[in-house]
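Fit chain B to the given chain A structure using the hints.
2 protein chains.
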Amino acid sequence: MAPPSLVANGGDIAVGKLPVTSRVSSVYSEVQNSRLDHPLALPSVFAKPFKVVDGPSSSAAGNPDEIAKLFPSLFGQPSAVLEASETSDPGSALKIGVVLSGGQAPGGHNVISGMFDYLQERCKGSTLYGFKGGPAGIMKGKYVVLTPEFIYPYRNQGGFDMICSGRDKIETPEQFKQAEDTAAKLDLDGLVVIGGDDSNTNACLLAEYFRSKNLKTRVIGCPKTIDGDLKCKEVPTSFGFDTACKIYAEQIGNVMIDARSTGKYYHCKLIVVRLMGRAASHITLECALQTHPNITLIGEEVAKIETEKMLIQMVETELEQRKQVGQYSRQFKGQSHFFGYEGRCGLPSNFDSSYCYALGYGAGALLQSGKTGLISSVGNLAAPVAEWTVGGTPLTSLMDVERRHGKFKPVIKKAMVELDGAPFKKFASKREEWALQNRYISPGPIQFTGPVADISNHTLLLELGVEA
Amino acid sequence: MAPPSLVANGGDIAVGKLPVTSRVSSVYSEVQNSRLDHPLALPSVFAKPFKVVDGPSSSAAGNPDEIAKLFPSLFGQPSAVLEASETSDPGSALKIGVVLSGGQAPGGHNVISGMFDYLQERCKGSTLYGFKGGPAGIMKGKYVVLTPEFIYPYRNQGGFDMICSGRDKIETPEQFKQAEDTAAKLDLDGLVVIGGDDSNTNACLLAEYFRSKNLKTRVIGCPKTIDGDLKCKEVPTSFGFDTACKIYAEQIGNVMIDARSTGKYYHCKLIVVRLMGRAASHITLECALQTHPNITLIGEEVAKIETEKMLIQMVETELEQRKQVGQYSRQFKGQSHFFGYEGRCGLPSNFDSSYCYALGYGAGALLQSGKTGLISSVGNLAAPVAEWTVGGTPLTSLMDVERRHGKFKPVIKKAMVELDGAPFKKFASKREEWALQNRYISPGPIQFTGPVADISNHTLLLELGVEA
Numbered sequence: 001m002a003p004p005s006l007v008a009n010g011g012d013i014a015v016g017k018l019p020v021t022s023r024v025s026s027v028y029s030e031v032q033n034s035r036l037d038h039p040l041a042l043p044s045v046f047a048k049p050f051k052v053v054d055g056p057s058s059s060a061a062g063n064p065d066e067i068a069k070l071f072p073s074l075f076g077q078p079s080a081v082l083e084a085s086e087t088s089d090p091g092s093a094l095k096i097g098v099v100l101s102g103g104q105a106p107g108g109h110n111v112i113s114g115m116f117d118y119l120q121e122r123c124k125g126s127t128l129y130g131f132k133g134g135p136a137g138i139m140k141g142k143y144v145v146l147t148p149e150f151i152y153p154y155r156n157q158g159g160f161d162m163i164c165s166g167r168d169k170i171e172t173p174e175q176f177k178q179a180e181d182t183a184a185k186l187d188l189d190g191l192v193v194i195g196g197d198d199s200n201t202n203a204c205l206l207a208e209y210f211r212s213k214n215l216k217t218r219v220i221g222c223p224k225t226i227d228g229d230l231k232c233k234e235v236p237t238s239f240g241f242d243t244a245c246k247i248y249a250e251q252i253g254n255v256m257i258d259a260r261s262t263g264k265y266y267h268c269k270l271i272v273v274r275l276m277g278r279a280a281s282h283i284t285l286e287c288a289l290q291t292h293p294n295i296t297l298i299g300e301e302v303a304k305i306e307t308e309k310m311l312i313q314m315v316e317t318e319l320e321q322r323k324q325v326g327q328y329s330r331q332f333k334g335q336s337h338f339f340g341y342e343g344r345c346g347l348p349s350n351f352d353s354s355y356c357y358a359l360g361y362g363a364g365a366l367l368q369s370g371k372t373g374l375i376s377s378v379g380n381l382a383a384p385v386a387e388w389t390v391g392g393t394p395l396t397s398l399m400d401v402e403r404r405h406g407k408f409k410p411v412i413k414k415a416m417v418e419l420d421g422a423p424f425k426k427f428a429s430k431r432e433e434w435a436l437q438n439r440y441i442s443p444g445p446i447q448f449t450g451p452v453a454d455i456s457n458h459t460l461l462l463e464l465g466v467e468a
Numbered sequence: 001m002a003p004p005s006l007v008a009n010g011g012d013i014a015v016g017k018l019p020v021t022s023r024v025s026s027v028y029s030e031v032q033n034s035r036l037d038h039p040l041a042l043p044s045v046f047a048k049p050f051k052v053v054d055g056p057s058s059s060a061a062g063n064p065d066e067i068a069k070l071f072p073s074l075f076g077q078p079s080a081v082l083e084a085s086e087t088s089d090p091g092s093a094l095k096i097g098v099v100l101s102g103g104q105a106p107g108g109h110n111v112i113s114g115m116f117d118y119l120q121e122r123c124k125g126s127t128l129y130g131f132k133g134g135p136a137g138i139m140k141g142k143y144v145v146l147t148p149e150f151i152y153p154y155r156n157q158g159g160f161d162m163i164c165s166g167r168d169k170i171e172t173p174e175q176f177k178q179a180e181d182t183a184a185k186l187d188l189d190g191l192v193v194i195g196g197d198d199s200n201t202n203a204c205l206l207a208e209y210f211r212s213k214n215l216k217t218r219v220i221g222c223p224k225t226i227d228g229d230l231k232c233k234e235v236p237t238s239f240g241f242d243t244a245c246k247i248y249a250e251q252i253g254n255v256m257i258d259a260r261s262t263g264k265y266y267h268c269k270l271i272v273v274r275l276m277g278r279a280a281s282h283i284t285l286e287c288a289l290q291t292h293p294n295i296t297l298i299g300e301e302v303a304k305i306e307t308e309k310m311l312i313q314m315v316e317t318e319l320e321q322r323k324q325v326g327q328y329s330r331q332f333k334g335q336s337h338f339f340g341y342e343g344r345c346g347l348p349s350n351f352d353s354s355y356c357y358a359l360g361y362g363a364g365a366l367l368q369s370g371k372t373g374l375i376s377s378v379g380n381l382a383a384p385v386a387e388w389t390v391g392g393t394p395l396t397s398l399m400d401v402e403r404r405h406g407k408f409k410p411v412i413k414k415a416m417v418e419l420d421g422a423p424f425k426k427f428a429s430k431r432e433e434w435a436l437q438n439r440y441i442s443p444g445p446i447q448f449t450g451p452v453a454d455i456s457n458h459t460l461l462l463e464l465g466v467e468a
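Read top to bottom, the protein sequences are chains A and B.
Per UniProt numbering, numbering through the first sequence is continuous, rising by one, with the last residue being 468.
Per UniProt numbering, numbering through the second sequence is continuous, rising by one, with the last residue being 468.
Same shape as in the complex, but just chain A (with noise of 0.2 Å):
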């Protein structure tokens, strides 16, 4: 047999030729068509056999005793890399789920259609369930057969409404026996879960759960959150935050370049992103890096403010001080903002396409391998895609416990904005140049072609050492 083509669409499927049909909408933009059909690259393992290999055994983020002891089965298991090899597992069929779980981020779809070609390609037969509306799917058993006439429409879009998603959790022992029921009447060989820091951590315990009963049903997670807080050294990002910052950016430059074509409006340009009451503040760092406004608070460095209006009242009673005392004549008018879930369900942006891509291909390599409790890992992401690193990191190696009520819990420790890291260390060299010159930058609209197309974040690539 050839090896693959490193431009993957549906590997040997026909699915140019499939017609959109499956989605609730049957009609799409030109720009939804165009992108149904744009190749995705993998990482050039893929091209060629590759075995899964083991590194050295993991530890925790914090407290390994309590995680140890949380996690009896799956504690200390290596991490996984795969590597060129001289020959290939001959791959039987699978029968694997995945589940989309938590608030949507742009690239989900690719992450099933990564591990749906993955199993058309190298495990012939294989069949692949799609849970609906989150983890209570699994709970309750609400799967549908992905084929590839039902994937194709979703190659490369927004949203998670191929099969929905949902913020249940698997908890109490009714819920576990739940899910191990639905995976015993599907027989799973695997399950991949779609998520962000909380739903891992529910990954894991469940990944533990089957491991500790002797049930062959293995666990995977993906690392889903555009607000970027679900990242380590393994993981340099998590999907769905270049796109979502991108958007943002693009609104915040075009309300920069209105503030600056006329006096009349002080647009108030503090980024404020609650969409998930989170506290990491990686979007608004992005987002400032990416436009240069002339304030940013970075919630990890100032006890962030609470709104924007707020922001303008305090700007107005200063000004009107000013004003009482002859030291400020111009009127004032402040326009707040808010930015929030138009980013979520964006078209993904070419590197979260072809990441997204690539952690579901690997998922899939990784549960044909027997891996469970890992999470998806690809690296080397400043890169061309040919050379990124596919494997998988122990979700127990990201764990620390948290006491409540009395009882220590198992948490993926949330990546706050580093006071000491790359971009926040770019951003404070720069803030004072910004807060006193006008530096704007409006990055525009996402391409999906052209020279700009392939660019992914400041964030990532000064983490990675690749930007100064």
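In short, the hints are calculated from the structure, not lab data.
Given the structure is predicted, the values throughout are model-derived calculations rather than measurements.
Worth double-checking, as some hints may not be accurate.
One copy or any two copies: either way a pair holds, since identical chains are not told apart in the list.
[To be verified] No more than 25 Å apart at the CA atoms, straight line, and that leaves these computed lysine to any residue pairs for SDA-like:
no., residue 1, residue 2
1, Lys-323, Asp-168
2, Lys-323, Arg-167
3, Lys-309, Phe-338
4, Lys-309, Tyr-341
5, Lys-132, Gly-450
6, Lys-95, Ser-34
7, Lys-132, Arg-439
8, Lys-323, Ser-44
9, Lys-140, Ser-329
10, Lys-51, Ser-88
11, Lys-304, Phe-338
12, Lys-142, Tyr-328
13, Lys-132, Asn-438
14, Lys-132, Leu-436
15, Lys-430, Asn-33
16, Lys-69, Glu-433
17, Lys-323, Asn-33
18, Lys-48, Phe-176
19, Lys-132, Tyr-328
20, Lys-124, Ala-386
21, Lys-213, Glu-467
22, Lys-142, Ser-329
23, Lys-430, Glu-300
Leaving out everything else, chain B in the frame of chain A:
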């Protein structure tokens, strides 16, 4: 001399080699940079010698007798059309002023670029003055001499910050005298007013004033407003409408996909564009045609609801009542969105870029031929740019009168959404289907290259009879 290239990019000036130094920010995003040298096609009439031919004499949109009294020098003058000719006007050097008036709209910089390039190409030795901060710049004599270096960084860029805009009007006899003084001081052959209906009314009053005093300064208007309510048969659309609608529709599309991905939120998809306090609903209608929401309220058909939050409250009240009688058991959470300022200063779409460039080029030709009191009119917009027609429409022909404080005031009649027009009829024929079945379309971000980059908008194509 060889005919000028059809792809104009600064005429014979090597603009591509100029550094971006004069804009306040010297740093551009990749997309902004990529737009600087975007080649702009021109209507083919500019490729050869041409002459300006008069059409039939004109009347007014309403109350022609009153308009004739208000504009004794200009009323009834013919429209003008550029036609191929054996020889061209030799093109002596001109002194021209340009002003941006009112709210920003994507493409304003390209109108100025088009005027500048026309003068460089056809009237060598000309000077173009940019009045700063809107009409106040004319009255106060605040201007900048526009040079290739000054203009280059603004080519195909959003915003009005090249010379900034303002909302002052030239109204009182003293103000008209100030404008006259500035025109005399700069020895102006012409003035181009880039603005909406009020600004073009003002331009016409100024043209009448100059003409009635036998001053040489001619005044030409250009149709600017994202609201799309400044249009007529000869002026098929105002610039900025195409880009702004695309920016709003992208966001609306994203929010609709978001809503479809989870059962938790029911996003309020009422599109409310209160930006300019305008009455016409062209933006709402165009966005509906682009995205297919379940419910769209068109102000020309139903008294438009005041805020999106009020609609959510009404739905909440209704569902609460249903809950109490056992007809509804789910949770409802409305989510309101307001899209406004983000659309005014976006990078102009390819359509708006080319349209504005042609409007500016045409304004230059009208001034050169001695015309005054016309609005630059570029037609046949559904065809490739080469086939666009170029000319001018008498501003008096767009006018009606309003009685204010016992006096007749001339006003350009706002073009409202026509309930028997093709765009509304298309919407009306589809809305039942869209209401009951989710036919959401996500237009995605504006693309500047590739097969979808040059598509304009439904409203324009439906009104031109090109789209069914």
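Evaluation of the provided hints:
When the C-alpha separation of Lys-323 and Asp-168 is checked against a cutoff of 25 Å, the pair qualifies only between copies, where the shortest distance is 23 Å, while the shortest distance within a copy is 54 Å. When the C-alpha separation of Lys-323 and Arg-167 is checked against a cutoff of 25 Å, the pair qualifies only between copies, where the shortest distance is 24 Å, while the shortest distance within a copy is 50 Å. Taking the closest pair of Cα atoms, Lys-309 and Phe-338 come within 25 Å of each other both inside a single copy (10 Å) and across two copies (15 Å). Taking the shortest alpha-carbon separations for Lys-309 and Tyr-341, both the intra-copy value of 19 Å and the inter-copy value of 16 Å come in at or below 25 Å.
In this homomeric assembly, Lys-132 and Gly-450 never come within 25 Å of each other (Cα to Cα): the closest approach is 37 Å inside a single copy and 36 Å across copies. Taking identical chains as interchangeable, the C-alpha atoms of Lys-95 and Ser-34 are never at most 25 Å apart, the minima being 32 Å within one chain and 47 Å between chains. Taking the shortest alpha-carbon separations for Lys-132 and Arg-439, only the inter-copy value of 21 Å comes in at or below 25 Å, while the best intra-copy value is 46 Å. Taking the shortest alpha-carbon separations for Lys-323 and Ser-44, neither the intra-copy value of 65 Å nor the inter-copy value of 57 Å comes in at or below 25 Å.
Taking identical chains as interchangeable, the C-alpha atoms of Lys-140 and Ser-329 lie at most 25 Å apart only when they sit on different chains, with a minimum of 19 Å there against 65 Å within one chain. Proximity of Lys-51 to Ser-88 under the C-alpha cut-off of 25 Å is restricted to the intra-copy arrangement: shortest distance 7 Å within a copy versus 74 Å between copies. Taking CA atoms no more than 25 Å apart as the test, Lys-304 paired with Phe-338 passes in both settings, with 15 Å inside one copy and 24 Å between copies. Proximity of Lys-142 and Tyr-328 under a CA criterion of 25 Å is satisfied inter-copy only: 23 Å between copies versus 64 Å inside one chain copy.
Taking the shortest Cα distances, Lys-132 and Asn-438 sit within 25 Å of each other only across copies (18 Å), while inside one copy they are farther apart (48 Å). For the homomeric pair Lys-132 and Leu-436, the shortest alpha-carbon distance between copies (22 Å) is at most 25 Å, but the shortest distance inside one copy (51 Å) is not. Only between protomers do Lys-430 and Asn-33 lie at most 25 Å apart by alpha-carbon distance; the minimum there is 21 Å, versus 40 Å within a single protomer. Neither within a single protomer nor between protomers do Lys-69 and Glu-433 lie at most 25 Å apart by alpha-carbon distance, with minima of 51 Å and 57 Å respectively.
Within a single copy, Lys-323 and Asn-33 get their C-alpha atoms no closer than 56 Å, and across copies no closer than 41 Å, so neither meets the 25 Å cut-off. When the C-alpha separation of Lys-48 and Phe-176 is checked against a cutoff of 25 Å, the pair qualifies neither within a copy, at 38 Å, nor between copies, at 78 Å. Taking the shortest alpha-carbon separations for Lys-132 and Tyr-328, only the inter-copy value of 22 Å comes in at or below 25 Å, while the best intra-copy value is 59 Å. In this assembly of identical chains, the alpha carbons of Lys-124 and Ala-386 lie at most 25 Å apart only when taken from the same copy (24 Å versus 54 Å across copies).
For the identical chains of this complex, Lys-213 and Glu-467 are neighbours neither inside a copy (47 Å) nor across copies (63 Å), given an alpha-carbon limit of 25 Å. In the homo-oligomer, the alpha carbons of Lys-142 and Ser-329 lie at most 25 Å apart only across protomers (21 Å), although the nearest pairing inside one protomer, at 65 Å, exceeds that limit. Proximity of Lys-430 and Glu-300 under a CA criterion of 25 Å is satisfied intra-copy only: 18 Å inside one chain copy versus 49 Å between copies.
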